[in-house]
Amino acid sequence: MSGRKRIQVDESEWFRTRRQAARLKDVQRALPGMLDDIRRRTHADLERVFGVVEERQRTVEQAVQGLSDRARELESRTQERLRAQARRMAEELRATAGELRRETAEDLAEQEHRLQEEIAAERRERRREVGRLAEEVGELVLDRERAAALAHEAISDARAMHLLVHTAFPADVHPHARRTDSLAEQLDRAAETLGRGRSDAALATAQSVYQGLSDLLQELERHDRERRRDRVRAGELLLHVQHLIKVNAVQDVREAEGEEPTDAVLDVEYWSGGELTRLRAETARLQERVGDEERPPDTGELRDILEHRVPELEQRLAETVERAGRRRQESQMRVNLAGSVVGTLEEITGYELTDGTYSGDDQREAFFAKLVHRNGNEIVVEVAPAGTGGGTAVLRVLSYDRDTTARDELTTRGHEVARGLRDRGIAASDPEAEDGEPDPAYRDFDALRRALPRAATDT
Amino acid sequence: MAPPRSSRYGPSAERLAGLAMPAGDPLFILHGQGLDDVFVGHDHRRRGVEELLWTLLRDAGYARVVFSSLSRPLYFRDPVSRDLSRPRRRPPVPAGRMRPELRGPLGDRILRAPDPGGPGASEDPRTAAPATLTDEHRVMMLDHFMRQTDHRTAVVLGHAEESLRYDRAGRRLAGALADWVEQGDDRNLCVLVFRKHSLQEVADFVADLRSVPRLESYLHDQMRRPTGRSTARVGHPHAAEVERLVHLLRVREGLRVEDWGELPSLVRAMAAMPVALSGWQARLRGLARPPRAVPLSLAELRRREWIAGGREDTRGVSERLAAMVGLGPVKEHLERLRWTVAADAGLRALGHLGDAEPSSPHLVFTGNPGTGKTTVARLVGEIYRDQGLLRRGHLIEAEVPDLVGGFMGQTAIRTNEAVDRALDGVLFVDEAYRLSDRERGYGQEAIDALLSRMENDRGRFVLIVAGYPARMEEFLASNPGLRGRFPAANVIHFPDYTPSELHAILLGRLGALGLRWPPALEDTLRDVTEGMHATRGADFGNGRAMRDLADEMKSRWARRVRAVVGEPLTPEDVPERCRAHPGRPVATVEEALAELDGLIGLVPVKELIRDLVDRLRLRRHQGTGGFPPPHMLFVGPPGTGKTTVARLTGRVLHTLGLLARGHLIEVTRAELVAGYQGQTATRTQRAVRSALDGVLFVDEAYSLSRGGPGGDFGTEAVDTLTREMDEHRGRLVVVAAGYPAEMDGFLARNPGLRSRFTERVTFPAYTGPELVEILRRAAAEQGYALPGPAAGRALGRLERERAAHPADFGNGRAVRVLLEHMEARLARRLGHTPAAPGETLAFAPEDVPDADG
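Protein chains in written order, with the UniProt record's numbering: chain A, 1 to 459; chain B, 1 to 853.
Hint data in this document are derived by calculation from the structure and do not stem from the laboratory.
There's no promise every hint is true.
[To be verified] Selected chain A positions facing chain B (in silico; Cβ < 8 Å):
| no. | residue |
| --- | --- |
| 1 | 211 |
| 2 | 333 |
| 3 | 411 |
| 4 | 413 |
Because the structure is a prediction, the values reported are computed rather than measured.
Backbone N, C-alpha and C fix where the C-beta goes; we use that ideal spot for every residue, glycine too.
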């Protein structure tokens, strides 16, 4: 009944606090060493990833050496271009490691695009040459020997290329098995055709097969390069997220301009209630996935990580930090509010503040302040978080008076408190009486400190 | 006047230094207009009552003094009290920071802008305390102070009226007051400071609130206490304090004192006025303010009407007393009183007075109106004040209606209010005997209240009761307490002024009005005053009447002379109603007896009147005034003309100038005696008053004391009559009439009465021829002749009637009855032939009926 008065407090201050905490959302920050770490580990990734590429390129080059002169010349030129591009890409990635700039990715895409166009142009030229050769073979009907040699050479090149495709990309070629099998069949037919003396037909078929396999090799090369690039990038970004989590876990609150800095650091883990740990674990799982050599992530998975998962993690980190900061501000505000109520009560009632504590000594919980009158009467002020995060707090005034038991007197006290708060610029609602007598347990502040009780009143 | 008591804590002023702190009572009720005043302590510094009260309470051993009012719920005047009330001393908290008990994640920071009215605002260390305590918690805090036992605490409710009426926690306050009253452990004290002037007003106010019943009963109990009250009144400043104010303003603000010699009487005059010290301060500053600074003097104060005009004379009391006209016995009595008081003061100073009850200072003034009683009462106040018996010695005049209320309980209130106003001075109750008059209702209640206050406020005021001598005697006899308070030695009689004293007063007043007159006018005025004196009624104004007359003459003179103020007074200026008195020529014996002579017989009466005329003539010749006409007994059988003679005697005495009007009021027992106790005296008085300056004819006077049932009331009439005859001697002739034998018995039973009837006139029965002569004259008056035969027959008829009824023969009345019968017979005899105009009808013998006819 009378001894429990509940006052809802809406305070513009809360909104200011939220605005202030919103600044914490900007979690992108670097600590000394973070960049180096990312760079170092990205470089290592590059070494590892592009080391494999070079190895493969050597294999390809060796295989190219076994090609006919004509084919060798063309493939060598293409391979040279590709090697140069891979080197450029690696250089670029190495140079920009840790910068995580969008432009880097865009530059790389642009380079890739140009490269593909150059290669495509070459290939068109080559097709024209092949076409001319076929025409020449048609004209060489008379020279059967020479025609047979040319056809044989073409079949050999095609077989070398088939082998190269399977040697260089043993895994990646799988999805293209039907295509390579079909080409292999065509090649077998070309050999058969040649055996039947139809050199011109065999040549044409062999050249077509070669061209298809060469295109496939190009395609696989390109995809491989892109996947490797994405993996490095994903690894780099996830590492960055981990760094951000680490960097933001404990931080100084950045004050708005003109405000006095506080020496209290924000323990995001504490104030977020373990959210940071969860973030960290999730990031670690993704890192593991990206680095999985046995079952490496495919391009789609990497795309998802790069395009969705990493930004999402960063977003969640920002929100967690912001929420932690806000909760801490609100906790301080609760004590401030308790201070205002105490001040008001001291002024209007002559009670005096004797103690204050958070429930369970946990700053995330309700704050209690005790006032004692010289005659032994006690008042306990509880400021509880409103729970919804809606920028309000719930204030309760629990009167443990020996001699003030009259309902209207206590109601008057509640109204005076609300008025006192409003005089202090705090939007306090009119008090509502709550049923029941205040629980005597809330007078025992030692117990309050020890235990982590529920809110003082059953809301 | 004793200097203010010295204190460890500071100086005090007389008004407060004398307050007796309560012994055992938890509430101390202070009231009086002085509580809003400034005080000048013996250190010549101005202070408010709060500061002096603080001193008083600390002196009385209260370690902590807490002040509280509605606007300032809790404050202190000294750091000790404050510190005792604040057990937890807190280090100051910087702005924008919280107290050590309040720590959040950001430490003691306050995130919002600091409270405008929050802690850290500059504080006056003397008064620092929560300024915004709600009424509820103010009472809670005061209640705590009153209950705790660590330090003796006094709680001062500075504006008790406001607190009691407007405290929003009225219920709680009422409860707390009730608890405190019952607490009564002689430790802590609540001082309730009321601005009401009297305790009665405080009690009325509290009763009117109807919300603090315990306080109401506490006040009621206090008022009933004969001694040892826990209440005190703080009034206007004493002369000593006024003098300190004068010196303060002299030194600080350049006030100049014109004559140091008159300073004592000057400050006494100031202190006698109901003016607060703050009021005097403002006025005196006005005097000191350049450029029109004026030195302080009695004359200046009078000119500005800041002190009562002429009241405070630079002359001593003795001189002023001597300058008063007449009042010989009064002056003598006052001189004795004065020196008795002085002697008591001296003995007290030497410590010789011991424990003896000091003689009562209260006085009774008996005398008629206008005999200077009020003036002398004022002098008595000054005598007492000069001797230190009274602090101010001012005079409060009250009449019975001022003291007596119209309903139960109101009388005590009014009486107490009057006493409160008179505290430190004199309460003068005129016509006080009316209080003991049972018909007046609540007079007795007023007497009780006065007796109670005389006991409770011993030394604080002097009561002087005044009235007609006889009535005052009754008044004193009505209550043994009164007799105890007013011993015989304290009864001072103020005789009426003699005509010559009245004359002197009249001339003195005319002179004071600035008028001049020729010597002849003084003789005229002497006649006027003599006349007024001779015809004065019970309400004659004596000196006041002379002043009124002088004022009236002045206004008549002024109208007559217009602006020519050099014109002297003339007899014209004497009002007409007074001009009847002077120079009335004495009527000759013949003139006086002319009417009497028309009567048959009555030789003794005629002789008596003749004697009076002769005496009067002798006195005029000697140059002395008239003499009181005598009261007379008329004894004789009925119908012998006693009433007629009494009426004529009145006229004769008026003609002779011995009675102012000479009219006749005829009464019998029925008009004088009432059916129940107390009523008879009033009836008798009323009859006497109506007969003043004329004749009161009491027929069958012996019936007043006929004994038996109701006889007692008759005695009351006789007693009253006797007293009134004395009181109005010279203005009333009482004629008691009756049968000789009964009258003799009556007078034998009332010897006091007999001695007052100095003249006895016997009315013998008429002889036969006298009866016939009466018949003849009566018949002639009706226009009938009574020839010899008819006369003879009538004589026989009357003689037979007398012989048949000797005891109640009607004499003259029998003659008138006979004449009526004869007239009837004559009419029957003449039938329808009436006499011609101008013809005198004569009775025939057959017109005289037989004795039985």
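Enumerated hints in conflict with the structure, sorted upward: Violated hints (numbers, rising): 1, 3; every other hint is consistent with the structure.
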